[in-house]
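Visitor: Line order of the protein sequences matches chains A and B.
Per the working numbering: the first sequence = residues 1 to 458.
Per the working numbering: the second sequence = residues 1 to 320.
The set of hints was computed from the structure by calculation and includes no laboratory data.
The reader is advised that the hints may include incorrect statements.
Here are a few chain A residues that face chain B, going by a calculated C-beta distance under 10 angstroms [unchecked claim]: (1) 78; (2) 91; (3) 111; (4) 114; (5) 275; (6) 277; (7) 369; (8) 433; (9) 436; (10) 438; (11) 439.
DSSO-like cross-link-like pairs, simulated, lysine-lysine; straight-line CA separation at most 30 angstroms [what the hints assert, rightly or not]: (12) A/310 x A/397; (13) A/455 x B/86; (14) B/169 x A/290; (15) A/347 x B/169.
Everything numeric in this text was worked out from a predicted model, so none of it was measured.
Just so you know, even glycine gets a beta-carbon here, dropped at the ideal spot from N, CA and C.
One-letter residues, chain by chain:
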Amino acid sequence: MKSSFRVSGKSVVALSAVTSAFALVLSGLSITPASAALGTAPVTLTIQHETTGDRPEEEWHAVAAAFTKLHPNVTIKYSPITNEAKGGPNLQVISSDGSPDIALLPLNSNVYTQMVKGKGLVPLDGIFAADNTVARIGPPAAALKQQDGHYYATPHSVVYYNVLWTNPDAIKKAKAVVPASGHFASVAQLVAFGKACSKAGYAGLAIGGKTNFQASWMFDSMMPSAVTKKALNNYINSYKSDVAVTAKWTDPGILKTLDALGAIAKGGVYQNGYLGMDLDQATAYFTAGKSCMLLGGTWMPGGSFESDTKKGTMKFTPGLAVLPGVVAGTKSTYTPYYGDAYGVPTKSKNQEWALELLRFFISDEGQKIGCLDAAGNLPVVTTIPQSAYTKVPQGVKDVLALVAAYGSQSGWTSEVPGAYGQTFLNPLIQKLQEGKTTSADIAKAQQAKLEDVRKNGL
Amino acid sequence: MSVKNESPSKEVSTSSTQGRNLFSRKKKARIGLNAINIRSARFTLIPVFVLLFVFLALPMINSVKLSFSRWGGLGPLEAVGLNNYKFLFSDPQMRYSSRITIFYAFTVAFFVVAIGTLLAAAVSANVRGHKAMKLIWFFPGIAPPTAVAIFWSSGFQPESGVVNILLGKIGLGNNHAWLASSDTALFPVIFVGIWSAVGFAFLVILGAVEQIPVSLREAALVDGANMRQQFTKITLPLIRPILMTIFTLEIIWTFNGFTVVWAMTNGGPSDSTSILPILAYKEAFRYGRFGTAAAMAVITGIFLMIVGTIGIRLSRSEQQ
Chain A
1 MKSSFRVSGK
11 SVVALSAVTS
21 AFALVLSGLS
31 ITPASAALGT
41 APVTLTIQHE
51 TTGDRPEEEW
61 HAVAAAFTKL
71 HPNVTIKYSP
81 ITNEAKGGPN
91 LQVISSDGSP
101 DIALLPLNSN
111 VYTQMVKGKG
121 LVPLDGIFAA
131 DNTVARIGPP
141 AAALKQQDGH
151 YYATPHSVVY
161 YNVLWTNPDA
171 IKKAKAVVPA
181 SGHFASVAQL
191 VAFGKACSKA
201 GYAGLAIGGK
211 TNFQASWMFD
221 SMMPSAVTKK
231 ALNNYINSYK
241 SDVAVTAKWT
251 DPGILKTLDA
261 LGAIAKGGVY
271 QNGYLGMDLD
281 QATAYFTAGK
291 SCMLLGGTWM
301 PGGSFESDTK
311 KGTMKFTPGL
321 AVLPGVVAGT
331 KSTYTPYYGD
341 AYGVPTKSKN
351 QEWALELLRF
361 FISDEGQKIG
371 CLDAAGNLPV
381 VTTIPQSAYT
391 KVPQGVKDVL
401 ALVAAYGSQS
411 GWTSEVPGAY
421 GQTFLNPLIQ
431 KLQEGKTTSA
441 DIAKAQQAKL
451 EDVRKNGL
Chain B
1 MSVKNESPSK
11 EVSTSSTQGR
21 NLFSRKKKAR
31 IGLNAINIRS
41 ARFTLIPVFV
51 LLFVFLALPM
61 INSVKLSFSR
71 WGGLGPLEAV
81 GLNNYKFLFS
91 DPQMRYSSRI
101 TIFYAFTVAF
111 FVVAIGTLLA
121 AAVSANVRGH
131 KAMKLIWFFP
141 GIAPPTAVAI
151 FWSSGFQPES
161 GVVNILLGKI
171 GLGNNHAWLA
181 SSDTALFPVI
191 FVGIWSAVGF
201 AFLVILGAVE
211 QIPVSLREAA
221 LVDGANMRQQ
231 FTKITLPLIR
241 PILMTIFTLE
251 IIWTFNGFTV
261 VWAMTNGGPS
271 DSTSILPILA
281 YKEAFRYGRF
291 GTAAAMAVIT
301 GIFLMIVGTI
311 GIRLSRSEQQ
């Protein structure tokens, strides 16, 4: 009996089809080199960045210069937006036909929430997998994965906020005392510090109380010292309907935190008129030498401090301090913020090139060129040795040293969507600071908001 | 040869017929011409109506549709019936914002008209320095609102702000944190609203005052009327219709004002200066509740239509 295996023409076609399909699936999981897959036709990419903050313009310009050297067919344009716009009206821009190719997406904003919900962003899984980005970023990357299992945005730098920048000259003249460790031991100690500064004609702590974020910043820093890690994790995740609520907003830890914030305001620690000042005004107040401390972050040394020193309006080198814990003896920490992230809108007309640029932006090379060298910022990846941090200002290095010694804790308002978190809580804390509401009322309101979000979504 | 034996009446009738024919031809020609003019006018108005429809009517229709929906800014609308309106009518913040917006709008409008009228009367009476007054009071009206708001936001700061410096010099203390207290923050905002709007009102009212026949004033002078009497008995009654119009317009413009309040206070502290446009902005862009924001806009629009209608009727009855 003749036995032979004949491959028919039909089966060849079928086999080819299956192989091609399989190859297509595989190619979606890996990145082919840009020049091979993307071609050399001229393309213009538009990148959004914030006008202020941690010098994103410098960062992007440096990365863009390096990228266009590698890909001369690419031209890059910029679309700066304000701090206010990035969290609100920008939603209409990045979901329109005039969308930029790379959009600014604050992770705790309604913009990001709605874009993810409305499938308005291109998944970044491919570029994340290709360069092991999740591992390079480390634990904070866990928060980037959405409920559908995809990644849609990538942070580019980490900033630390709730940093108390100090004016050593003013503190000396006021004969006020900052503990040697930099940590205020208690709210009472901070209030006493404020009173000593006030007696000498300085404000204790300058804050931009008018802003929609600084009042709740301090909540971020102090709350973890009043609750357990398990409770904190629940506060951060319980807005999701599939997570059981095990920590209530009316629990004692929250009430004590709010009481502490009220006590600091009542103790006259802040500058006169703080609820009518934004952060720029508060910063100018501090750099002009009118307050002993400023509530700020790591973008300041290379930003306003550097420029005010050059202008001659800032005549001192700031030191550091840390807010007190809620309960005497506990410590609060600086708060890392990875939140100003970037993604590719589905309305982008050059998605593949945008992905490639974003991939370069968050590669070790891109992070060094942009984040570290051009802007003096802290990179979001952990794979760049500290020896490369030559352009990072000394003040920021001092913050890193404190973080290394005492750790840091992500802030609640940085982790949860803004409509439930910062946007809702901040005006309530402002009312508390004014003495127009109580901790109990705020706690009840936040608990009711949690229940509403779990039931009706965002 | 036949004799035309036409009666005169016939001649008359002929001529009248001819006249009527001529008249009707002219009338027809006029009607024809009018018809052409009307058609041309309609034709030239079409682009205007298209623009009004696209940029005014269509957005309004969409806003009304959105007010009955739930929408986060992206994706399809979810119909929710009257839920947005029910929420607004029971929301304490909405009630508070409505109250302060009405107070803000009516107060600004009243003082704008009052100050504008006094200035116009003074300028028209050639009070010393009237030329400088014209310039000084008009200038705020042409400055960009954001620049005005930023200037006064600094101007009302304690110690370093110009207002507190002046108050300090006259012994009233220089440490008032006007914008930092929910009890006082609305007043600087009202002040800036008045300051920036007086100029326009002043010019319009001045124009109305200068339209008053000189003979009337001269007659009043002859009758022994002093300046105050001339103002109250002659000027005011004659310019009342324009005052009503300006008052109505200022209410509408101030009610819809956003820039100055936002730049000065962001609606704070503690939402104490969150007038309705700011509340709507926050609902839409901070909370992602576009449906509620649209419902707010619809309610505001209906209220302002009522105000505008009353204002127009009062203005017309004054004219009569």
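Visitor: Hints first: check each against the structure and report whether it holds.
Guide: Against the structure, the hints:
At a threshold of 10 angstroms, the smallest CB-CB gap from residue 78 of chain A to chain B is about 23 angstroms, leaving the interface hint violated. With 10 angstroms as the threshold, the beta carbon of residue 91 of chain A comes within range of chain B, its nearest partner Cβ sitting at about 4 angstroms, so the hint holds. Hint status for residue 111 of chain A: holds, given a least beta-carbon distance of 8 angstroms to chain B, under 10 angstroms. The restraint placing residue 114 of chain A at the interface with chain B holds, with a minimum CB-CB distance near 5 angstroms, inside the 10 angstroms limit.
Annotation: interface hint on residue 275 of chain A holds; nearest CB of chain B at approximately 4 angstroms, less than 10 angstroms. Of the supplied interface hints, the one on residue 277 of chain A holds, with its beta-carbon coming within about 7 angstroms of a beta-carbon of chain B, less than 10 angstroms. Interface restraint check: residue 369 of chain A against chain B, minimum CB-CB distance 34 angstroms, threshold 10 angstroms, status violated. With a cut of 10 angstroms, the hint placing residue 433 of chain A at the interface with chain B holds, because the nearest CB-to-CB distance is about 8 angstroms.
The closest approach between the C-beta of residue 436 of chain A and any C-beta of chain B is roughly 6 angstroms, which is under the 10 angstroms cut-off, so the hint is satisfied. Proximity of residue 438 of chain A to chain B is violated relative to the hint, the smallest CB-CB distance being about 13 angstroms (cut-off 10 angstroms). Evaluation of the residue 439 of chain A hint against chain B yields a violated restraint, the C-beta minimum of about 15 angstroms exceeding 10 angstroms. A hinted pair counts as satisfied when its Cα atoms are at most 30 angstroms apart, and residue 310 of chain A with residue 397 of chain A qualifies at roughly 21 angstroms.
For the hint linking residue 455 of chain A to residue 86 of chain B, the alpha-carbon distance of about 18 angstroms falls within 30 angstroms, and the restraint holds. Of the pairs offered as hints, the one joining residue 169 of chain B and residue 290 of chain A holds, with about 21 angstroms between alpha carbons and a cut-off of 30 angstroms not exceeded. Between residue 347 of chain A and residue 169 of chain B the alpha-carbon distance is near 59 angstroms, which puts this suggested pair outside the 30 angstroms criterion.
Hint violations for this structure: numbers 1, 7, 10, 11, 15, all remaining hints satisfied.
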